Structure formats: C-alpha cells, structure tokens
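Starting from the given sequences, assemble the full structure and let the hints guide the process.
First residue of the sequence shown? That's 681 in the working numbering, and the numbers climb one at a time after it.
The hints are all genuine.
Think about it this way: if two alpha-carbon atoms lie no more than 20 Å apart in a straight line, the pair counts; the simulated SDA-like pairs of lysine to any residue are:
id : residue 1 : residue 2
1  : K1254     : L1271
2  : K1453     : Y776
3  : K1056     : G1183
4  : K741      : L1457
DEER-style ranges, computed between Cβ atoms:
id : residue 1 : residue 2 : range
5  : G744      : S1306     : 33 to 41 Å
6  : G1080     : I986      : 24 to 32 Å
7  : E991      : G792      : 42 to 50 Å
8  : N1004     : T1155     : 38 to 46 Å
9  : E853      : F1359     : 42 to 50 Å
10 : E1193     : S1306     : 45 to 53 Å
None of these hints come from the bench; they were simulated from the model. Note that the structure is predicted; figures quoted are calculated from it, not measured. All residues carry an ideal CB built from backbone N, CA and C; glycine is no exception.
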Amino acid sequence: MKIFQFFFFFTLIVNAQNYHYVVDSAQTIEEQYYLEKKSRTSAGVYKGDVLIRTLWSNVEKDKGNYTVEWDGVDDKGSFVEAGSYVIKVLSNNVKYEWEGAKIGNTSANLTGENRYHGLSGFFKFVVVNDMIYWSNGYNEQRTAANKTSIHNTQVTSPVLDKGAIVKYICADESYIYWSAHDVHSNNSFVFVTTIENDEEYNYTKATNLEVSYGRTYSSALNIINGEDSYITGIAKSGNYLFIARQLQNTIEVLDMDLGGDLVHTITSINAPRELMTDINGGLWIITDEKKVSLYQILPDGSLGQISRQLENLEEPLTIGLNPNNNEIAVCDGGQRQQVRFFNSENGQETEALGALGGYLNDSKASNFKFYFSDLKSKKFNSDIYTTQENHASISYQNDGSFWVLDRGNNRMMHYGQNKNFIKKIQYIPDWLMLSVDKNNASRLFIDYLEFEIDYSEDEIDKSWKLKNNWGSKVTDENDNSFGRIREPVTLSNGKTYFLLTEGFNFVIAELAENGVRVTDKVLEGFYWIWLANGTLVYANPAELGKEVIWEKYELSGFDVNNDPIFNNGSILAKRSNIAQDEPLFRYGGWLSVALIDNNKLVTFDGRPEENGMGGGYHLGLLDINSNDWLFQTSDATGVNYNGDYPLDGRFDTGNKVHNAGSKAMVFGKNILWGYYGEFWKGGFQTNQYAHYWENGLLVNVFGTNWTKNTNGLEVTKNGGVVFTPFEGMAGNSITPQVVQHPTNLNIGYLYHPDESWHSGIHRWKISGLNSIKEHTLHISF
681 MKIFQFFFFF TLIVNAQNYH YVVDSAQTIE EQYYLEKKSR TSAGVYKGDV
731 LIRTLWSNVE KDKGNYTVEW DGVDDKGSFV EAGSYVIKVL SNNVKYEWEG
781 AKIGNTSANL TGENRYHGLS GFFKFVVVND MIYWSNGYNE QRTAANKTSI
831 HNTQVTSPVL DKGAIVKYIC ADESYIYWSA HDVHSNNSFV FVTTIENDEE
881 YNYTKATNLE VSYGRTYSSA LNIINGEDSY ITGIAKSGNY LFIARQLQNT
931 IEVLDMDLGG DLVHTITSIN APRELMTDIN GGLWIITDEK KVSLYQILPD
981 GSLGQISRQL ENLEEPLTIG LNPNNNEIAV CDGGQRQQVR FFNSENGQET
1031 EALGALGGYL NDSKASNFKF YFSDLKSKKF NSDIYTTQEN HASISYQNDG
1081 SFWVLDRGNN RMMHYGQNKN FIKKIQYIPD WLMLSVDKNN ASRLFIDYLE
1131 FEIDYSEDEI DKSWKLKNNW GSKVTDENDN SFGRIREPVT LSNGKTYFLL
1181 TEGFNFVIAE LAENGVRVTD KVLEGFYWIW LANGTLVYAN PAELGKEVIW
1231 EKYELSGFDV NNDPIFNNGS ILAKRSNIAQ DEPLFRYGGW LSVALIDNNK
1281 LVTFDGRPEE NGMGGGYHLG LLDINSNDWL FQTSDATGVN YNGDYPLDGR
1331 FDTGNKVHNA GSKAMVFGKN ILWGYYGEFW KGGFQTNQYA HYWENGLLVN
1381 VFGTNWTKNT NGLEVTKNGG VVFTPFEGMA GNSITPQVVQ HPTNLNIGYL
1431 YHPDESWHSG IHRWKISGLN SIKEHTLHIS F
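The structure is reproduced here in structure tokens:
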C-alpha cells in the first residue's frame, strides 16, 4: 500500500464535495494541463470506469495552468491499492436559461402578482362595466379574489389579501359581493368590497371575522357555521341579497337597505344551487332536479311561485343574462356541453354555442368546444383540496359580448355578440402530473391536457398550443392526481399508450382517436417505468439489508385489439444486502429508471434521511452486467445542515426538509435530478436541479429557492404574509421532464410543473452542451 500525491497542472482546490481524510504525501508525480478558457470544472479519480473519489465539484476557473492533488484515498476515506488510475477533469460552459412558465399560461407578465396564477383554477367571474371580478376557490397563501380589466385581459390584480376560500360572486353598481368559506372553522359568510377602490365596505350588520390562517374581514355578513354551510349561489336584486346553501336547503335573504339584516330564510326550494337575477325583478334558480326556474321577487324579498322553467336541459351548471335583450344563457353539461340561449319571456331556444357533446366525442381542443363536465362523479363539498367539478361561469359585457368558463381546460373564453371567438385567458392550476412522450418530444402533457410544442419556434410564447384534453372519458376508477397520463410512449405500431391508475395498480391505456381507451392490461403496484423502446421496468423500493430487483418486460408485439404484448419478466439489474449509503429508490419517493448506452442504469434516492437510509449517496450509475456501481455521488449534507442550498452537487437532507428530491432524468449522456424541497428551512421551498455527466462528475447546479429572492416575502398591513412569485421559482415540482432538442444536440430542455407560484409549465433551455469536455490523465505507480 502506498500513500502518494500527484500534481497536474489543473487544480489545487478540494472543496465540500469531498468526504475523506487528509493524509501526508509520500510521492509526487507531475503532469501539465492547460485550460483553454474560463470554465466550470469538476474532477474525480477512477479505477477503470469506476469513480472512486470526487476531488472537487463545480469550481469556476480562469484560463491557464493548474495542478491537481490526490491524497490516495477514496470517497470513504480508505487508502487505495497501488495500480493504474485515471484522473478525469470535466470542464464546461453550459448555460441555463429560465424561459418562464409560459406554456399553458397566457399572462402578459413573466412573474409577479399581476400574473394569472393560483392553486385552484378559475371558479366564477362577473363582468361589471369594464372590469372582470373573478375567484379561484382555495389559493393557499394568496387571495382567491381578483379582478381584470376588459381592456387589458392578460394582466390581473388581487382584491384584498390572503383570506378565506372564495367562489361565488355577484355585484351591483357600487359593490362586489363574494361568498367565502373558512373550512378550518366550518364558517361560511359573505364579504363586500367597493368597486371604487377594492376595500371592504361595512354594512351596519357586518361583523369582524378572523379566518384561520388569513385576514380578518370587517365586512362579514350572514355567518353560518356547520359542515353543510357552504354557499352555492349568490345574487343581488334591488336592496335584497340572496344566498343559497344547497346542502342546507336554504336561501337566506338579506335586506341591504337595513344594513344586511336577515329578513327571510327560504326552505321551500329543494337543493338550491346557482342563482341569477334578471332586469325584471326575477330570481332564476338551478336545483339538483336539473331545472332552471324563475321566481318573482316579492316586495318584501320573499319569493312567489314559479313563473317559468327552462326545459330539456341535461345538466344546467350556471346561468347568465344578456343585459341588452334579457336573453338567458345556460352552460349545459352532460351530453350537451354547450352554452344554450333562451328567450327569457317565452323560454324559446336559439342556436347553441359549442360542439355538441364537447370532449365526450373526441379529445381535440377547439375554441368552439367546451369541457363543462365529464364522466367523473360530481363532487360537491367544501374541502380545500377538492376540485369543485360541477360548476361553470358565464357573464356578459355591456356590448353584448360574453365570457364563458371552459372549466376542464381552465380557460376564460371571450365571444362576441355574434358568438365569434375573440380571445382567451388561461393558466395551469395545481396540476402536478407532467409528462412527455418518450418518442415524441412535441407531445407535452399536464394532468389530462396535451400541448403541442414547436421546437422550430424560438419564442416560447409562440411555440405551444393546446392540442387535446383527454380527461372527459376517464372515470373515478382510474382518476388519480398522480396517475394521469403517466409514462406516455408512442410505440412501433404508431399508437400512444400510457399508465393510468386503477386502485393500487396501473392499467395500460391508449390515447385513441375518440378518447382514452382503457385496456385490460393491469400492472400490479405503482413502481413501473416505461422505456422508449416499449420495455416495462418494475423496481421494488429499497430497504436496509434487503434486495432490490429491477425486472424488465420487453415488448413483443400487439394483439388484435392493438393492446401491447410483453415477454415474461427477466432481471435487468439487482442489488443485494442494501447498505445504508446506496442511492436507491425508497418508499415515499418517485421512481427513476433510465439507461445510458443500454447497459448503465441510473438510480436516484430523492428521500431525506429516514429508516436507516438517506445519509449517504443519492445518485448512482449501476453496471447492469456486473450489478456493481460505476459511480455513487450527491452525498447527503446531513440532517444537522442548516446552510445555503449546496451548489457542489450534495443532496440536502438538512434544513428541516420534509419531501426533498423529485426524480432523476437522462438525455444523451447528461443526468439531471431535481430537488423541490417541501418545507425546506422549516417552511420554504426550492426549485433546484443538479446536472451531471455520465461519468459522475458535476456539470453545474441551477434553479432557485425562496431564500434567494429578497422580495419573496412581503408583509402586509395587517401582518399577514403573501407569496410574491419570482423568476424561476416553482412549488412542488415533483414531475420534471428533460428532452433533447429534436434537431440540435447542443440544446436540451427541462420542463416542470408548478403548484401555484407561476401557474404554467416552466421551461429551462440548457445550451452549450458541446462545451462539455472530459480531460483524461492516466496514472501508473
């Protein structure tokens, strides 16, 4: 055994990526090396093809001569045996450009509070003069009440600050009335803001109400407590405000001339839902019986008998009124999926807007096609994380043009009085299941939406369009927020398949011409990856001291139904007697399986330290012929680490992080892994990515985290806290995807979702890949 030191003209620094003992040198060997230009560098020592020691990571160096040191120990601090070794120095000038979260979001602003973003999607809107007031339900750390000018529709503004869940809206000439719900206290109520300045207006009967984790409302009216108190409709006529609560079978009537005094509680109408008043003093009500009925409002605010009903409706979801001709518009779901128009005097129907059947007939997106409802059950509750699926919205401008909520695509669609399409507003809410077709990078999926990406277009704003929505025919049995269009791949028969959840298993489904087709091919469990060549890979989660087996099921053809057929399973790779520091997928993580050169398996451990594992390496490359590691890197910082996000490739298991890494991805010879850092530093988040070369050396770390933004935390007047989005930041980016540019190998793209910071699909352009150079120095002693 020899203890030695080598000197090469390249680098002298050993930094925090090393985890070893320092020893005295006993031998010095010098070689010259010249760095031709300023570059980022990393270096390691190899025994054959196996990385045994990372010398430094991500150190920027100027042009010139340098030396390198190695003290003769590996990354674990053990002395190596005498023999032949290789030192590899990786240099690069790769660039990482955040192009914004523009895919699926039409906002004019790249970031900031005036951009459309939210945890939930559009819920309701009402047009008042030249403003659109809109809500988006539960919005976590931001307000759910907003407004937009009809003259600048791609810019929006918040109304008030973080508070309750906000959904239903109505207005008069001076005030906006918002329905609110504090799910933590089971309170529902109405608050009021002024059109003049968006501040609260306090009627004499208003009460101060502090909601859980939010503001105190000074204008709260009609506060009702109970699990069934959720408001399901609100309308204003003259001096009366009508508030429906479907689950309590009530309509509360407030006299606003009396300061908001409760004057009636109507219980004679079963399950009242949406409400709308007309210009003749009538109240239109949608009930669960699929009826739209008109009641005359009596002088004391009570209701008379039904004076008119709209007939032959499938699933009436909302009502709108054209102020110019008193025409009634109904968004009708079910088998219709159309906006239907009726004469308010005689109920006679005119020509509908939208393709009959909508997305129930096929998945192709269109500006004249609506997704009001689907085959899933109609959830109707107030849980903050439950999408309210049985709703729509329609409201008219003074010029007779109107806006329609295309709920399934989260689009506010503007049509002229002649029903011609004018424009749309769109953003991506809390949809975290993102994927890309493994054999067609132009097909990008989020939730059930499919976007077509044109890589020949340099401007990202012009590079995308909504092509399909595949969710309409998916039923509750197969609907799971993390199982929607998972692992899509176009196979050799030209058809595209993906994995869809079915209970606690996956089932293979096809993106067929007339919508999603679910096959009878069930895959047991959730730990499956579909490779580009059609091979399915299954891997069990690692446990200390046990065994991990990667099984492969190769595609052998297709049956008469065009369902894929697979060979019997065989072992792709295996690790036995798992050690605590091995970088392997564990329970609670996201399975990553990728191959380099068909014989090297990328593995990743995205979990923090728990159950005896996670305290060692988090990224690995396994030789599937020998089942030995070619490299193990991205060592844990340790649970007691409280510093900045590490830029040397380490995996942060400290900073009080709860859910840490996302997944590892491969394109060409490049490996990326993501780190979304839920509850990082006790409540913050990150959107960080580490870029490695196939030899296990770090190219760079890019991305951002909340602590980098000096304006990320804004304290409001009442002491509440709101989030201000900033460049590059995303929340819970759990399913990133990376692709190679289809015609330029010098460029790659990283796509990832965003819980609500920017509410679009982010894209990072990774360029200068041809600057990556591997310099090899052979050593014999």
